[in-house]
Structure formats: C-alpha cells, structure tokens
Amino acid sequence: MKLSGEFIFDGNQNEVWELLRDPDALAKALPGTQSLEKTGENEYTGKMHVRVGPVSGVFAGKLTISDEVPPESYTMQVDGRGAPGFVKGTGSIKLTAQDGGKTLMQYTGDVQVGGRIAGVGQRLIDSVSKSMVRQGLETLNMALKAKHAPPPPTPQAAAEQPPAFTPPSEMEFALGVAKDMLADVLSPENKRVWELIAAVLVSFALGYLFGSKRRVG
Amino acid sequence: MGKYIGQPVKRNEDPRLLTGQALFVDDVDLPGMLHATFLRSDYAHARIISIDTSAAKAMPGVVAVYTAADMGDFWHPSPMIVQPPPTLEDIVFNARPQIPMAKDKVRHIGDPVAVVIAESRYIAEDAAEQIWVEYEPLDAVTDLEKALEPDSALLYEELGTNLASHVQQEKGNYAEAAANADLVIKRRIIIDRGAAAAMENRGIVVNWDAKSQQMTMWNTTQAPIPIRNGIAATLGLSEHQVRVIAPFVGGGFGPKIMLWQPEEVLLPWASMKLNRPIKWIEDRRENFMGTTQERGQIHDVEAAFTKDGKILGLKDVFLHDTGAYNPYGLTVPLNTQTHSMGTYDVPNLYTEFKVVFTNKMIVTPVRGAGRPQGIFVVERMMDLAAKELGLDPVEIRRRNLIPADAFPVNQQIIGQDFIETIYDSGNFQPLLEKAKKMIGYDQFVTEEQPKLRAEGRHVGIGLVTFVESTGVGPYEGARITVESSGKVNLVTGVGTQGQSHFTSFAQIAAEALGVDVRDVEVTTGDTAQFHWGTGTFASRGAVVAGNAINAAAQRVRAKILAKASEVLEAPEEELELENGVVRVADMPEKSLTLGKLAMLANPLRGAVEPGTEPGLEASEYFGPKYGTTASGVVAMIVEVDPDTMMIDIPKFVIAHDCGTVINPMVVEGQIHGGVSLGVGNSYYEQIIYDENGQLLNASFMDYLIPRSTDMPHEFEIAHQETKSPLNPMGSKGVGEAGAIPIPSLFAQALENALNIDGLEILEMPLSPSKLFSLVQAARSRD
Chain G
7 MKLSGEFIFD GNQNEVWELL RDPDALAKAL PGTQSLEKTG ENEYTGKMHV RVGPVSGVFA
67 GKLTISDEVP PESYTMQVDG RGAPGFVKGT GSIKLTAQDG GKTLMQYTGD VQVGGRIAGV
127 GQRLIDSVSK SMVRQGLETL NMALKAKHAP PPPTPQAAAE QPPAFTPPSE MEFALGVAKD
187 MLADVLSPEN KRVWELIAAV LVSFALGYLF GSKRRVG
Chain U
1294 MGKYIGQPVK RNEDPRLLTG QALFVDDVDL PGMLHATFLR SDYAHARIIS IDTSAAKAMP
1354 GVVAVYTAAD MGDFWHPSPM IVQPPPTLED IVFNARPQIP MAKDKVRHIG DPVAVVIAES
1414 RYIAEDAAEQ IWVEYEPLDA VTDLEKALEP DSALLYEELG TNLASHVQQE KGNYAEAAAN
1474 ADLVIKRRII IDRGAAAAME NRGIVVNWDA KSQQMTMWNT TQAPIPIRNG IAATLGLSEH
1534 QVRVIAPFVG GGFGPKIMLW QPEEVLLPWA SMKLNRPIKW IEDRRENFMG TTQERGQIHD
1594 VEAAFTKDGK ILGLKDVFLH DTGAYNPYGL TVPLNTQTHS MGTYDVPNLY TEFKVVFTNK
1654 MIVTPVRGAG RPQGIFVVER MMDLAAKELG LDPVEIRRRN LIPADAFPVN QQIIGQDFIE
1714 TIYDSGNFQP LLEKAKKMIG YDQFVTEEQP KLRAEGRHVG IGLVTFVEST GVGPYEGARI
1774 TVESSGKVNL VTGVGTQGQS HFTSFAQIAA EALGVDVRDV EVTTGDTAQF HWGTGTFASR
1834 GAVVAGNAIN AAAQRVRAKI LAKASEVLEA PEEELELENG VVRVADMPEK SLTLGKLAML
1894 ANPLRGAVEP GTEPGLEASE YFGPKYGTTA SGVVAMIVEV DPDTMMIDIP KFVIAHDCGT
1954 VINPMVVEGQ IHGGVSLGVG NSYYEQIIYD ENGQLLNASF MDYLIPRSTD MPHEFEIAHQ
2014 ETKSPLNPMG SKGVGEAGAI PIPSLFAQAL ENALNIDGLE ILEMPLSPSK LFSLVQAARS
2074 RD
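Read top to bottom, the protein sequences are chains G and U.
Sequential numbering from 7 applies to the first sequence in the numbering used here.
Sequential numbering from 1294 applies to the second sequence in the numbering used here.
Keep in mind the hints are simulated off the structure, nothing from the lab.
Yeah, the Cβ is synthetic: ideal placement off N, Cα and C, and Gly gets one too.
Check the hints yourself; a few may be wrong.
[Claimed, not checked] Facing chain G, according to a computed beta carbon distance under 8 Å, are these residues of chain U, among others:
| # | residue |
| --- | --- |
| 1 | 1335 |
| 2 | 1422 |
| 3 | 1914 |
| 4 | 1985 |
| 5 | 1989 |
| 6 | 1990 |
| 7 | 1995 |
| 8 | 1999 |
Taking the hints into account, I'd like the entire structure generated from these sequences.
Written out as structure tokens, the structure is:
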C-alpha cells in the first residue's frame, strides 16, 4: 500500500526540524499516544491508542530510523501490533525550505495493515487516516505559530488572551475526525486509501525525534 | 399428484420456529459449560516463531489454552473429505487437507493458532488478546496466475509449486471443430469469491461425560453422521459412544458440510481432556475468515459456431482458487466442467483446469458449487455469438438446446460423482417457450423497450438457461414406525438447515400410509435416531433421502396390509388406508386404526409366527446410479439508473423442471432463496482480499447481501415435471437451481438495458461502481 502527501509549515526549516524534536509538541499533536521510549541508538518503542470506526485498541510499535540527514530527511521502518491487528511499513520524510520562511514537508510510505483493523475498519480507514494526518500536522503548525506570536504587551493583556497553544484533547481529536468524515461523505473525490498509516507513520516518525525517554498521557 | 405429493402443504415445522420453540445450537446450555474462543492469524502467510500463552493462562477464569504444541500426537492432518475421482486419468492432485491448528505456518487470515477455554466467552476473548504470537511474515500468494510462476512464494515448500491439481478432459475434438467454424470467439472471464453468509454462523456444544463414557455434540453441521464417525475415529471411541445432533440450523449453503474442521477436531478433544462441556459459537467476523467460501476462477474461453449460430465446440481453460487447503477435492471445478455445456448440444468440448493454492480461506462448495461458473461461461458465449451473428439471444438458444428425444445424453465429462455426466432426462424447449411467454419477451422487445428508450430510460431484458446436476449418491436411509398412538415416526440421517424436511418428508410418508401429514413426526440429523447416511448437500435431500423414505413407507404399508388382512380376515387387495385407518374397501365398518394395528403387531404375550418382525416398522435405503439433472430457464427485466448504476428488477420469471414436485410451496421457497444468493453473487456480494491476503470486508457493513428491496418486484414460477428415470419417485433436486443462472442473466440483461456498443460483462460479481467503470471504459473505446 503506497501513500504520500505534503504539508507546508509556517516556519523555517530549522524551526520545523526542531519542532519535530520537541517531545511535548509531538506527543500532544497526536492524542492517543500512550508512551514512547528509546530502546537503542535508532530504535524506539511506543504505544498508541487508535480508533477506526468499530475497531479500537492499542498498538505497540517499534520504530527504526535510518538515513538521517538533519535538518532535511530520514527514513523509518515501523512495525506495530496489537489486538486490532498490525501495521508494518517503511516511510520517509523530507523537509524543503520555501519562500517566505515556510517549509514544505513531503512524506511517502509503503505499508501493510492487517487483522481486524483491515477487515472491519476498512471503509473508515481512508477518512480517519486523512483526518489524523491533517489534524496532527495542523496542531504542530499551531505550535509553531504560537512560538512566533509576539509576547503580550502587559500582564493584563496576557491574562485576557487565550493560551497561545492548546493541543486538542483526544475527544476533540475524535470530533475532528468525525467532522472530516462528514466532509468526506459530502466531497465527491475520496479515493486515497491507507492514510491512517500515514498518520501512524508520521506519529512514530515524529515520536522518534523525541530523543529522550518519556511517557506521555 | 396425490393427496399429499404435489400439494402446497403448510410447513409442519413453522409453529415451533415461529414461536421460538425450535432448538438451535446456541440454545443448548449445560451445567458447568465452558466457552471457547479461537485465536486466528492476522497474517495471510507467516511462519510461527513462537507462541506465548502465559499471560492468557494466568487470567482468572481461563481454564485452558491450547496450541498445536499442546496437542502432542493428537495433532495430525485431517483425512480428505472428498478424494478426486479415481476414474480421472493422468491428473495431478496434491492433497493438503485441513489441520487442527496451525503449527509451523499460518496460511490464511483466520487460520487458528490457539484456542482459549474459559468460564465465559468474555474472558475467553480477552485472554485470546493476551496471547503473543511471534510471526515471520512471508509474501502472500493471492494472484492465481502469479501463484504458478516459478518465483512465487510457496504455501507448501515441499511441493515446490502452488499447483494443487491439474485436470484435462475432452469430448470429441475441439480443435477440429474450431477449424471448421465460421466464427470463433475468445474471451477471458473472471469470477470472484463470495461468502455463504448463512444467517446462523457455525456453532458447537460438546460434552464428554466420563461417567457414562458418552460424548454428545450439538453441531450446526450438514453432515452429522460422518462427523460422529470422524470424532469416534480420532478420539478412539466406539461410534456408539458418540452422539451428534444437528438440531434446527439457520442455513447451511454448503460450508456446513465440512468435516474435520479445526473447531470440530479440537473441541471434542478438549472436552474429554477437561471433562467439561464446551460451547463455541462463531461470530460474524470469524465466519468471514474461518468458514469456507467459493467461486474464484479465471477462464480463458473459446467457442466455435456456424454462421447459423449452431455451437460446434467450446474450449475452456481455467484456474480455480482452492485457498490454503484442498480438503474437498475437485468437486467445485468438476461441477464447473460438467456444467459448461449447459442445456446445449455441444458436440466438442475441451476443458482443462489448474487448481491453485492461495493464502485465502479454503474453497469448498457454496450453493451452486462451481455450476454458476460453468453456466456463466456457456451462456456468455451464446450471447456473444448472437451479437456477432445478428441473432436474437433467445433464438440462438433455441437452435442449440438438446432435443427432448435425445435423453439420456452422455456428456462424456467425469463429474463429482466419479462417472461421466449423463443428463438422465429433460425437456428444455417448453421451458424456454414458457419463460419467454411469462416475461412477455416479444412484446417487451418490440413495443415497450423502444418506448422506454425514447423516454431515456435504460430498461433491459435477459433470458438464459441452465442445468443443475442434483441428487448424487452414494445413499441415504430412513426408518418409519407406526406408533401405538397411531402417529408415524420418521427418522433419517440427513440434517436440516431450513429445507422444510419436516413437511416434504412427512408428505411422502403420509401419502403412502394414508395418515394426516401432521401425524408424521420427522426427526433429522440425530445419530442416536439414525446412524447411516452422508449428509445434506448437492441438492440431494428430497431425491436420495426422499426415495429412501418412500421405500421405507412402502414397506410399512405392506406390513400394515399384511397384518390388517390377518386381523380383519380380508384379502390385502380389498383393503384401503385412509385417515389413519385401514379398512375393507366396501365394508367401512370392518376397520382398524393404525395405532391399534401397531399394538397388535407388537404383542406383550402369546406367540408370533417365526420369521416375522415385531411392529409396523421398516428401514430402507436408496442410492441412485448417478445424479439426476434438473433444468430451467430464467428471464428478467431490469432497469438501470445510468447515473448511480443502481438497479431495479420489476419482473423475474423462472420455468424450471425438478421432476416430481413434492410440495410446490417448498420448491418455490428454495428458488426464492437461490435467486437471492444469485442476485448477491451478481451485484452485491464479493469477498475482497488485498494483495497481502488481508480480508478487507469482513462485516455486513462492507459485505453487502441483497435485501428484500433488491429482489424482483414480481416473481413468477412455473413448474414442469419431467420425471427422473433414476428413482421411483421421479424426483430431481432444486436446492441450488435459483443461484446457478442468475449471474449470466444479469450480464445479458444489463448489457441489454445499457445498450452501449462494446459493453461486455465478463466478470462477476459486479457492483454499481464496477458497472460504472465498465460503461466508462466501453464509451472511451468508442
């Protein structure tokens, strides 16, 4: 199963690379992430709760990184399994500087999904995965923009302003998925499958950059 | 037509079924009963490195967890259910029957790797999730053609190939026929899998009682007696220590004929080991991955015709997908071969198939069992030839039908019953004319369709023919007893999955014995009641068991007449049986109830004549020489919405011939059900595996079965009775008839409705989106 996509971040390439190394931002960008641990030089294990329609459960995964070229690109292999089934694949992420201090992220992958999540969740995988990718990347970008926002002029103003960056809760995230699915139903073109894997890959990929051992959520 | 035979008698079983008083397997609830769950492979093809069951075993409420390793010497491949016909010469056949549990390798999604037995199903399922299996994934074999290429991954490395079987058969000389033909058509036809999707999934309750040394199993099987014999053999018990009961079953459709499936082997063994009753009820997702399926074939077909539309020969070379194991031998592809001449006089046929192992669920017969594919091939060739030659589709069929005076016709192709297929009897022309008239063919084509087309509507008509080989051997039996209450007890070995046996079998006995049909109590599928027989399959219940029942009833009738003649002091030929009474024909006051006679035939004191048997009872058996051929012609009108490709069937007709009709209402019910599967196979039901062997639509959210609203609005059935010479009742089967011709009917009618140059439907099942793509492709070729 092939997948690919791209996203433009409102920040320069080094900032994006740094962001991808920021464990808090990454973990918060993908609710459902339960743990992520570094188990070797380029090896990480983690757990993530995923829901696709009637199928939900925790995937325990192993991620291996190779061909890292900071701040440009890396390749990864992911191997996740759990009660809902399994995910196995390779993917790569590439960052390119754009005009106006923006950065293009391109991702590609080749993944197999198996078990219950493939057998029963099939019809929803497309929508759910698309939505997870979109929300995850947008949340990261929000974090990036929040860093750029000018500091509040006075303490009062700071108090009046909403927090600069509030990551979505798992519930908000699920609502976002539902909203995207509704939009999908209404949109005539909806043929790209398997982006759930993109989401899982991206999440592990981002997670890898935590670098340090930590538990989330 | 008799007092009962041929009458639309209301069903004896309905009061129990409709008031919830019918026993199904899941109704069985025994004290101390445990519950089983199978852990099934998520991988289509992988080596098992290790299995860690410790966490599952440690869970409270878990009684046992077994893997192949725990089975020790009890683990061995099951026997083949069906062997290839010994009469087929020079064939390749690599037998790979099922195994009780995957040991070194899993070969399809759903292959069982462990079983958890716990105090409740909830605990068992939670525990199954705690089993950790370390797999080494292997490339999956999913494409029939690539599977046979030299660099393909192998399901069985020791075979060095994924070829399970290779069979060639020929009638006449196709090559010569083609050389002399005016028209030779070549096409590729692709047919994919569907599920049997019975309303009730498989289920087992098994109880080993150590004190009585008896095993009782309730099983949703179509074959209780072979299962009993199999269990006894594998566990080293006497056959009389094992009782298998197939109670009411919510649909069989083929897969429940399977024997020695993992669940049926493991659970009796576990019950004996644990000395506790165990229940296992398959859930729907499990049914998609763990119950056998059918239909996947790829055909390369050639057909040779004269310019007048007479078929000279057919060449069909096809690949047949058997899935991961082939316990059911060659039944399905042989049925395809023997049905690829349909109702037509095809003088030359070359037919060759290769059976291929793939990393998918096992393929065994599903209602139709290879026949729909064979009929699809020949019916499509007729349609293509008609188009090429400018003939009407009905006319080309009329020119090719086997004439009524040709029977019996030896088709010279060895079939599932091990001998050359012989059409024993038939009368196809009147069926064709009848169906054509019922659908209003000429009027539709000349008057209605032009008007509808002018209105911009896409309404089409189709008419196709079919044969159905039915009622194969080896044999069935029955025992009939007149009880002292005057009621008649009838037992037979075949099981019942909704075929109305409690009524049609009772009608046969009631007819012979002159009793009310409601006074015949029928028991099917309980080995403690009757333990000789094979099972319910191949549209054979009414033919084979029906004739055994008729024979037993005739013998009981003879006993009644002999005993009554003695008691009433009147010659037998002056006696008549009616309303549960035997009497002297012209002296009605000289009479006896059958109950009284039964008591007299079973005296408590006194002496009986030497050589007589007590009671009014007889057991009889019937085995036909070979299967009898039923036939029919179906036609329908279909409207297609060109934007959505959703369809509507305002009218459907069938003129069919299953010989003697025992109960027309029951026959019609069988046809309704068969057509419903046929509609599913044509337009809705397809099991989708991806290239990694993952099953992508294992639920009724994604696997579509036709609803009542997808069925024809008007549904007309005409019965024709060409009696079979192969059995005394003249009966033929009808169980699969409805399913067989529908895909070919859809293909013709949809092409006719859409009326687009170059639109050829050569694949099944279709779906609205697939039809849309075919239409787009045909339009872009223009």
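Each hint tested on the structure:
1. 1335: Interface hint status for residue 1335 of chain U: holds (3 Å vs cutoff 8 Å).
2. 1422: holds (4 Å)
3. 1914: violated (45 Å)
4. 1985: Nearest chain G Cβ about 5 Å off; hint holds.
5. 1989: With Cβ-Cβ at 5 Å, under 8 Å, it holds.
6. 1990: Residue 1990 of chain U check passes; min Cβ-Cβ to chain G is 6 Å, inside 8 Å.
7. 1995: holds (5 Å)
8. 1999: violated (19 Å)
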